[in-house]
Structures are given as structure tokens and as C-alpha cells.
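First to last, the protein sequences are chains P and D.
Heads up: the first sequence runs through residues 4 to 255, numbered per our numbering.
Heads up: the second sequence runs through residues 6 to 361, numbered per our numbering.
If you are wondering where the hints come from, they were derived from the structure by calculation, not from laboratory data.
We put the beta carbon where it would ideally sit given N, CA and C, even for glycine.
Hints should not be assumed to be uniformly reliable.
Said to hold, decoys possible - In silico lysine-lysine, DSSO-like type, Cα no more than 30 Å apart, as pairs:
id: 1; chain 1: P; residue 1: K159; chain 2: P; residue 2: K129
id: 2; chain 1: P; residue 1: K174; chain 2: P; residue 2: K31
id: 3; chain 1: D; residue 1: K244; chain 2: D; residue 2: K179
id: 4; chain 1: D; residue 1: K14; chain 2: P; residue 2: K129
id: 5; chain 1: D; residue 1: K11; chain 2: P; residue 2: K129
id: 6; chain 1: D; residue 1: K244; chain 2: P; residue 2: K174
id: 7; chain 1: P; residue 1: K126; chain 2: P; residue 2: K140
id: 8; chain 1: P; residue 1: K146; chain 2: P; residue 2: K174
id: 9; chain 1: P; residue 1: K126; chain 2: D; residue 2: K350
id: 10; chain 1: D; residue 1: K179; chain 2: P; residue 2: K159
id: 11; chain 1: D; residue 1: K272; chain 2: D; residue 2: K176
id: 12; chain 1: D; residue 1: K345; chain 2: D; residue 2: K14
id: 13; chain 1: D; residue 1: K144; chain 2: D; residue 2: K350
id: 14; chain 1: P; residue 1: K57; chain 2: P; residue 2: K31
id: 15; chain 1: P; residue 1: K146; chain 2: D; residue 2: K350
id: 16; chain 1: P; residue 1: K126; chain 2: D; residue 2: K11
id: 17; chain 1: D; residue 1: K244; chain 2: P; residue 2: K126
id: 18; chain 1: P; residue 1: K123; chain 2: D; residue 2: K179
id: 19; chain 1: D; residue 1: K144; chain 2: P; residue 2: K159
id: 20; chain 1: P; residue 1: K73; chain 2: D; residue 2: K244
id: 21; chain 1: P; residue 1: K140; chain 2: D; residue 2: K11
id: 22; chain 1: P; residue 1: K80; chain 2: P; residue 2: K126
id: 23; chain 1: P; residue 1: K80; chain 2: D; residue 2: K244
What the hints assert, rightly or not - Chain D stretches covered by chain P per the calculated footprint, using a threshold of three residues with CB under 8 Å from any CB of chain P:
id: 24; region: 203-216
id: 25; region: 233-242
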Amino acid sequence: MAMLEVNHLSISFGGLHAVDNFNLNIEKGCLYGLIGPNGAGKTTVFNLLTGVYKPTEGIIRLDGQDITGKNTIDINKAGVARTFQNIRLFRQLSVLDNVKAGFHNHHPYSTFTGIFRLPKYFKTEKEMTSRAMEILKVFDLDKEADYLAGNLPYGKQRKLEIARAMATEPKLLLLDEPAAGMNPNETQELMDTIRFVRDHFDMTILLIEHDMKLVGGICEELTVLNFGQVLCQGETSAVLNDPAVITAYLGE
Amino acid sequence: MKKMNKTTKNNFINYGLVLVLFAVAQTLSATGNLSNLLQGLLVPLCVYTIASISLNLVVGFSGELSLGHAGFMCVGAYSSALFSNVVGDALPSVPRLILAILVGAAVAAVFGILIGVPVLRLRGDYLAIVTLAFGEIIKNLVNILYVGVDENGIHVTTNSSGLKLAAGGKKIMKGALGISGTSTLYKDIKPYFFLIGVILILITLFIVQNLVHSRSGRAIMAARDNRIAAESIGINVTKYKLLAFTVSAALAGVAGVLYAHNISMLKVSIFDYNLSIMILVYVVLGGIGSIRGSIIATIVLYALPEMLRGFSTYRMLIYAIVLIIMMLFNWAPAAIDWRKRVLEKIHNKLPKKEAA
Ligand SMILES: Nc1ncnc2c1ncn2[C@@H]1O[C@H](COP(=O)(O)OP(=O)(O)O)[C@@H](O)[C@H]1O
Ligand SMILES: [Mg+2]
Numbered sequence: 004m005a006m007l008e009v010n011h012l013s014i015s016f017g018g019l020h021a022v023d024n025f026n027l028n029i030e031k032g033c034l035y036g037l038i039g040p041n042g043a044g045k046t047t048v049f050n051l052l053t054g055v056y057k058p059t060e061g062i063i064r065l066d067g068q069d070i071t072g073k074n075t076i077d078i079n080k081a082g083v084a085r086t087f088q089n090i091r092l093f094r095q096l097s098v099l100d101n102v103k104a105g106f107h108n109h110h111p112y113s114t115f116t117g118i119f120r121l122p123k124y125f126k127t128e129k130e131m132t133s134r135a136m137e138i139l140k141v142f143d144l145d146k147e148a149d150y151l152a153g154n155l156p157y158g159k160q161r162k163l164e165i166a167r168a169m170a171t172e173p174k175l176l177l178l179d180e181p182a183a184g185m186n187p188n189e190t191q192e193l194m195d196t197i198r199f200v201r202d203h204f205d206m207t208i209l210l211i212e213h214d215m216k217l218v219g220g221i222c223e224e225l226t227v228l229n230f231g232q233v234l235c236q237g238e239t240s241a242v243l244n245d246p247a248v249i250t251a252y253l254g255e
Numbered sequence: 006m007k008k009m010n011k012t013t014k015n016n017f018i019n020y021g022l023v024l025v026l027f028a029v030a031q032t033l034s035a036t037g038n039l040s041n042l043l044q045g046l047l048v049p050l051c052v053y054t055i056a057s058i059s060l061n062l063v064v065g066f067s068g069e070l071s072l073g074h075a076g077f078m079c080v081g082a083y084s085s086a087l088f089s090n091v092v093g094d095a096l097p098s099v100p101r102l103i104l105a106i107l108v109g110a111a112v113a114a115v116f117g118i119l120i121g122v123p124v125l126r127l128r129g130d131y132l133a134i135v136t137l138a139f140g141e142i143i144k145n146l147v148n149i150l151y152v153g154v155d156e157n158g159i160h161v162t163t164n165s166s167g168l169k170l171a172a173g174g175k176k177i178m179k180g181a182l183g184i185s186g187t188s189t190l191y192k193d194i195k196p197y198f199f200l201i202g203v204i205l206i207l208i209t210l211f212i213v214q215n216l217v218h219s220r221s222g223r224a225i226m227a228a229r230d231n232r233i234a235a236e237s238i239g240i241n242v243t244k245y246k247l248l249a250f251t252v253s254a255a256l257a258g259v260a261g262v263l264y265a266h267n268i269s270m271l272k273v274s275i276f277d278y279n280l281s282i283m284i285l286v287y288v289v290l291g292g293i294g295s296i297r298g299s300i301i302a303t304i305v306l307y308a309l310p311e312m313l314r315g316f317s318t319y320r321m322l323i324y325a326i327v328l329i330i331m332m333l334f335n336w337a338p339a340a341i342d343w344r345k346r347v348l349e350k351i352h353n354k355l356p357k358k359e360a361a
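Construct all of the structure, not just a fragment, from the sequences and the given hints.
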């Protein structure tokens, strides 16, 4: 069964059909790419999938469960985590606390337990810290655990966003232009990390990117979006060689 | 030896700071070095310290602007003073005071929830406007309330002549004249009020610090730093903003209780807009999000004008200069850098016990 199944998804902003009759099927464990020129509606798709916007039409199913119209919080609890095109970290919190915040619903204890420092507080915090350090290690951020997130260099901030999303133990990970603003070295390293995350955690990943080389390098399947509509969909090599895609997007 | 982590150490420094200041004040007053005037300031100082620490929870950690902190102090003060007067001699002072504190905290918390539930789900600075209005409305409401008690129970009205009490009944709350005689009910423990104030500061510190450094505190600060990101990782932003606001209101209520029980005549005029702003100034100048800053700023800025009375004409000038210096020290980027460098230098000079 598909991990993500989207049918006839549409939204318009005052007459602009930002996303129009969008369909998508992603199998479990797939590394899937969503590409298209600026303003095509890619981020809007993410905002629809995560409940930031409510679709005017369409159905979204995650692992068979209908999550259409749910709010962001419940969709995250259902198993969707994301990063943002314009980085949104908790800048005044430490790198470690950014990840621990991601454990919010997975390592819970009450406010009362926290204030009165009951045994469960110490036990859970210890668990959280060691789990968070494991995740940070994957992203090569463990040495910066005590830094304020806002003080990290740009490339590391992007990685921390992924680490924080992973802490929510998602079934589906949405990455919005994770390599934006990175140099070629950083980009290559990031791609290796993303592939590692997929293999190591058996994660299903949907990734927005406009660097074609990069997308061709790691995605197994692609959807090309243009003016809110699907232009082409399928295996990476087939999509990249499609004449319509080449003229509309690559050819210019 | 077990390594103490940095936040735990910071928390204990704050408890220590309060205890040291308490010891200094006690020593000065025991050796006769504290004027009557200054002695009279000790309990109010505790009141405002509790108020500024609790306001910092909203302004600093939750990132919301509240302009009605005096309103919550007012609610706590009046509800607890009413409670004490109604109970009267039926209970000994200590349990009566403990219950009064709980009553003041609970009533203030209820008002916090009533305001927070509708307002905190909105994005933007609505809280500032609503809390400002709340403070003014509460003040005007209390100003016209008359409450009395007799054998038939408690009577409440809005004009003085309307309060008809049976023989032997007692008028407690008299509109603009407020509540008098609460402190007489506590004559026997009056000398310990400063100690009680310090204990309440320590309890406030305990609650605020432990809350901030817990799962809920992380959620509160995550919601402050980035609301959309917080929701994307499953944090119920409204809930945690409401939690911070309610705890803050309850603690402001406790500050109000201490104030109301220390003073012979409780009048509502003190709980005005200026008081809310004064506490906000303590929080901002002490450094938003710095609990220690709130404590120090409150002490310096509250005690200073009183200590400068000898300089009469230059008093407000010196006060203004200190305000500006504190602002620069805590907010100017150059000063922050300088402070960091100095602290690092000191830190590096200390013998490193934990190395190896
Ligand atoms: N909240 C919104 N209100 C109005 N228009 C929007 C909103 N969000 C996105 N759009 C519009 O939808 C279109 C697609 O935007 P977006 O999804 O951000 O594109 P991209 O593919 O570059 O991520 C753009 O024309 C954008 O201006
Ligand atoms: Mg985009």
C-alpha cells in the first residue's frame, strides 16, 4: 500500500489556482522528488499536506488513514514531519533542545512532573537526551549540541531542521529545498545524509528541489509541477528525458 | 563527583542570591543599620520581585506582551484579604495565611484562564490590549464593590448604602476605601513577613525555573521562537501559551496576597496601569528571559529611589541615569559582547576541576 496517496488536491487563492487537481502516490521507503519552476506551487503542496492550508478539494491519505482537513498538530501526530524553505528553527534554544522539542509527543511527562522534578522527569529527560544525541550524530551536529540554534552556520541549520523533524518519528518526511543556499560540497554531503536517513530509518521522503543534478542523483521517482498542475510524473530517468519537461522547465 | 549541568547551576545561583540578600538584610536590620524606612521596604520588595519573575514567564519565555500584571495582583490581593477577613479568628494565623495564598493564586489563575482562552488563540499582539483593558476594568470594578458578612452569609453590592447587614455583621470591603485591618489579623506573625516574602520568592523561583527547564517549558519557548515550526512538530501552541500565562497570573496573585496582608489599608488605587508598567520595566531592563536579571533589576530600581531620598533634588536624575545605564548594559550589542568577553575571561581563569 502507498505511504502517501493524494487525489484531486486543489486550492486557490483568490482566483489563482495555486495547486490544481494534484495526484500523487508514494510507496513506503521511496525517495520521491517534487520539482518545478519557482511559483509552481510546490511549497503550497507541502502546506496542504501538513494542514497549514485546507484544500478546497481532494483527499490526502497517509498510510491508508484519511488526514484531509486535519490541523498541523494532528497531522504531525499522524506521522508527517517537514522542514521549511525559509529555515524555521527555535533560534533561542540550544541545538539539543531543538531536537528534544521534536520528542514532545513521544516522550511525554506532565507539567506537574516537570515542576516538582518527580523521578519520571529525570528518567524521561535522560532518555530524550541520549536519543537526541544519536540523531544529532547522524547529522554530524553532536559537537554543536550546546550551541544556540540561531548561531549555527547556515548549512548546519538546514540539517538541524531535518534532525528536529526526524525526532517526531514520522512515517513521511517532507523536505522543502533542503539544499537551498548550500555550496556544492555541503549539498553533496547533505544528499548522502538524506540517503542514509532513508536507508537507516526506512523512511519515506518527499523532497522539493530545483537543482536537477541533485534530484537526478538521489530521487527514484519525480513529479514535475508547473503553474499548479502536474506536468509529468514517473521514474526519474523517464521524467528527465520527457520532451514536455525539457521545454517547460529544463530547456529555457 | 557528579557534574552539575549548567542550567541546574544557574538555578541554584538564583536561590543562593535570594538567600544571601535575605541574610544581608537581616544582619543589617539586627545590627540597627537599616532605617525604619528601608525596613518598611523589605516586604514590598518581595512583592515586586515575585511580580517581575512571574511577568518574565509571559514576556520573556512565552514571548507575549502583558500590560495588566497589576490586575492579577489586584485580584489576588482582594480575594485573599476577603478570605482572611471572613475566616477571621476561626483559624490561627499560619494556616489562615497559607489558605489565603492559595485562594489568591487560584482566583488570579481563573482570571488568567478567562483572558487567555479567547485571546491566546489569536496571532498578534492582542494580549497586550486585552490585559491593559483587564487591569483598568478590574480596578474600576473593585473600586465600587462593597462586601460585608453577617450571620446570613456574604453580601455584595455596588453602593455603600445598599449593604444591609444584620446586627453583629461586619463590613469588609468598602469601595474606594478598600479593606482595612487585614494586617491586624496577622499581628502575631507580622515580624516574620519578610521571611515569608523570601520563602514565597523561593517558591516562585522553584516553579518558574523548573517549569522553564522541562518539557512544557521547551514547548513554551519553541512556540515563542517559531509558532509554525512548533505546530509542525506537534506542539499545541495555544495550550502552552495559556499554561505560561496562567502560571504567571497565579504567581502575580501570590504577590498580591503578600501585599494585601502586609498593609493596614488595602486600596485599589495602587493596582493601576503604572504598576503594570513599572514591573514590565523591571523585566525589560533586567533582560527579557533572564530570571536573575528580573530579581536584580527589581531590587536596584525599587530600592534606589528610596535610598536616594537624601539627595532630594538630584534623586530622579540619578534614577534616570541608572535606568539608562542598565538599559545599555543589557541591550546594547557592544555591551553584551563586552560582558560575554569578561565572563569568558573569568571563566578561563578559574581552575578547571572538571577537565581530565
Ligand atoms: N497564502 C497564500 N496566499 C496567496 N497566494 C499564495 C499563498 N501561498 C502561495 N501563494 C501563491 O501560490 C503560488 C505557488 O507558490 P509556492 O507554492 O510557494 O511556489 P513554489 O513552487 O516556488 O514553492 C505562487 O504564485 C504564490 O504567490
Ligand atoms: Mg517553495
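- [ ] Against the earlier hints, flag every one the structure doesn't satisfy and list their numbers going up.
- [x] Of the numbered hints, 3, 9, 10, 13, 18 and 19 do not hold.
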